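*Asks:* What follows is each chain in one-letter form.
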Amino acid sequence: MLRFIFGRLAVLIPTFVGVSIIAFSFIRLLPGDPVMLMSGERVMSPERHAQLMADLGLDRPIYIQYFDYLLNLLQGDFGSSIVTKRAVLADFLQLFPATVELSLCAIILAVCLGVPAGVLAAVKRGTWLDQTLMGTALVGYSMPIFWWGLLLVIFFSGYLGWTPVSGRISLMYFFPQVTGFMLIDSLISGQAGAFRSAVTYLILPTIVLATIPLAVIARQTRSAMLEVLGEDYVRTARSKGLSPFRVIGIHALRNALIPVVTTIGLQVGVLLAGAILTETIFSWPGIGKWMVDSVFKRDYQVVQGGLMLIAAVIMVVNLIVDVLYGFINPRIRY
Amino acid sequence: MKKLSTLLAATAIVTLMAGSAWSKTLVYCSEASPEGFDPGLYTGGQTFDASSRTVYNRLVEFKHGSTELEPGLAESYEVSSDGTEYTFKLRPGVKFQTTEFFTPTRELNADDVIFSFERQYKADNPWNKYVAGASWEYFSGMGFPDLIDSITKVDDLTVKFKLKRAEAPFLANLGMDFASILSKEYADKLAADGKMELMNQQPLGTGPFTFVAYQTDAAIRYKANPDYWAGKEKIDDLVFAITTDAAIRAQKLKAGECHVMPYPNAADVAELKKDENLTVLEQEGLNVSYLAYNTLVPPFDKPEVRKALNMAVNKQAIVDAVFQGAAKVAKNPIPPTMWSYNDAVEDDKYDPEAAKKMLEEAGVKDLKMKIWAMPVARPYMLNARRAAELMQADLAAIGVTAEIVSYEWAEYLKLSSAKDRDGAAILGWTGDNGDPDNFLDTLLGCDAVGGNNRAQWCNKEFDDLMTKAKATADVAERTKYYEEAQVIFKKEAPWNTLDHSLVFVPLSKKVSGFVMDPLGIHRFNGVDIAE
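Chains A and B, in that order, give the protein sequences. Under the numbering used here, the first residue of the first sequence carries the number 9, and numbering increases by one thereafter. Under the numbering used here, the first residue of the second sequence carries the number 15, and numbering increases by one thereafter.
Since the hints were made in silico from the structure, they are not lab data. These numbers come from a predicted model, not from an experiment. Glycine included, each C-beta is placed from N, C-alpha and C at the ideal position. Among the hints, erroneous ones may be present.
As the list claims (entries may be wrong) - When the alpha-carbon atoms are kept at most 30 Å apart in a straight line, the in silico DSS-like pairs for lysine-lysine are as follows:
hint, chain 1, residue 1, chain 2, residue 2
1, B, Lys288, A, Lys93
2, A, Lys93, B, Lys494
3, A, Lys93, B, Lys382
To be verified - Residues from chain B that keep clear of chain A, each with C-beta distances beyond 10 Å, as calculated:
hint, residue
4, Tyr135
5, Lys136
6, Val253
7, Ile262
8, Lys266
9, Lys268
10, Glu425
11, Leu427
12, Ser431
13, Val489
As the list claims (entries may be wrong) - So, partial list: chain B residues that the calculated Cβ filter (under 7 Å) puts toward chain A:
hint, residue
14, Glu92
15, Val93
16, Ala232
17, Ala255
18, Ala261
19, Ala269
20, Gly270
21, Glu422
22, Lys428
23, Asp477
24, Thr481
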């Protein structure tokens, strides 16, 4: 196992270098530059533009800028935002817990509802229940996040008044950020009602962010289950007189879970992409919103640093998923 | 140890906030995160709302709801007869805010004023590059580096600005956000501690609100400054809840999660007006949108061709379609709320037949042109593509074939200022300081050709008037020059002036004392909220 992990870690290094090249060049391929956007409609003289580009080190040949960047990265320096002048890593560490908290809640919701829905649809294959569940999943998968989020806000927050509109917690609660996870920090704060407030603020963004992964997981579970349910060993288990719960829950589901776990691992990328829109709708102070703002402002340092850090997170999650396979299915050996 | 001290500081802040109670708290749903808290470094309105208008003051201030100036930290000033020396007498007894991170030991004096300006243009000042890429964009954009000769301390409460030439808009420029006065004592302390970057993260000034904390991209918290020289504010706490989506801001306001919001979607305004718990304030924005011809390129170098094209466009239809009525057709390059606006000027009348005839008379046949449409919505032009399409149809009616082109925003800004630009560009302007010079000379002066002057129009008569208007501080005389300049502008038609948009601020009926500002500032001094 350790050999496998070290092997995978070795593969991560060239991947990381590749990502750094893409992250570095992607933002620079976009037309315009941060200095130009700083001044807005007010035109900057070419001399002043050149001077500011030089101040930011953006006048140097691109390969020198890249190697400089790589050298700094190796020392753990992700640079500072061209716009806010704050350190990219510090901002990332401050904002990332918000995204993780939301993503975790969303993936938990998606798994808790998606897996049972997929199992149920497979077991009741061809019935109205199957059709309804899979039809709903298809609708969920096709739903534009922005529209869906706004719809939920207007209905649940605006019309019914059941949930708050946006933010992470009611503004009347204010306490130091210890872990960055609002659910935990609100408990640590000891302020009455803070935890409850944090939970209510999580409901709508969680539903919105979970919608697409939920649909994907449900459909994947259904197809994996259908495949497994047709296997000889399941028929054998049934013929031995085992209860349907044992046949489906233990024998079939465990094997069906392998592709499902892969899918869940892949959803991390989907969640981070979905977080960009969800965070914008719900004013959720996470990295999605931070990255989008930075792309619009051509904040090179933030975009490239943010992409590197996100890529690192996704790579680590995928590594963990690979390791998990061994635990789910002992036949898999490394 | 560092973590422990951070925790203790934060706990102290919490106690402070808790002590001040939630009852008199005003929540403002701001439209974006501040870029930072040093107003000299930035150009964004959200940054100014969060820093200069809450935490800081200036030597002179714009009166609430107007572009007129009133005394700020300077209780009086004198201008030399040649207009090159401004001597400011500072208000005595002005205290800087006492915060968790700094306790001032002295009151405002001339050193603070000199520090606040010199850091923006003296390359040898240690604060000139205290953060990477510090560019002092407004200071430079308003031409201060070439204008200021020296700033000297006459005595503790008197400071003198010596200019290289007479420049009447100078005073109005001092009311702008970049001219906020910072504490030199605080700066010295930060420099001594090796923490200069905190000037941009933990602001400290003389303004009505004391900065408490910024939760990145989420909220900014302030409390009323008990030592404010103009008296403590009626509200105890002020919170900016950062809400970037306009539709969500409207929902938050309706749900009572915030009390004031800026920039609603035009489509939401009618519904917000129907809400019995809300009031929607509206005001003409200090802005203009225009279609700038390139007057260096034939046949747009002929005023009669430009006028003919202007007459072919139904501007009211653009205002109706793009703004759903929330704008007014523009006839002058400055908005009607600005002093010196010449209402006697007659706009080019919408008359396609006459336009067609004029083009023929000018010898122009089968004209093909490009219309540049901005790719982004701005307060003065919500949908340039739609406006361009309407113009395209109007021009087709007089036999002109127009092709609509667009570029990414940064590219658009750059390419649209090129002297050899092919086509007429839609763009606009929002005033910085309420001075007509900020529109007329900035956008149409000869010096701005190849830059802000997107029409590349240089008219000697017009330019002479700009120079004369700058050289005198007499408002009546300046008004005369600017009125005359608007007549020349209309006759020459370097632009088709499109619209002046309306600006809305919906707010809870619990809020009193909030005044809309023509400069687009959102400020909360003088505001109260019913409990």
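*Asks:* Which numbered hints turn out to be false for this structure?
*Replies:* Of the numbered hints, 1, 2, 3, 6, 7, 8, 9, 10, 11, 12, 14, 15, 20, 23 and 24 do not hold.
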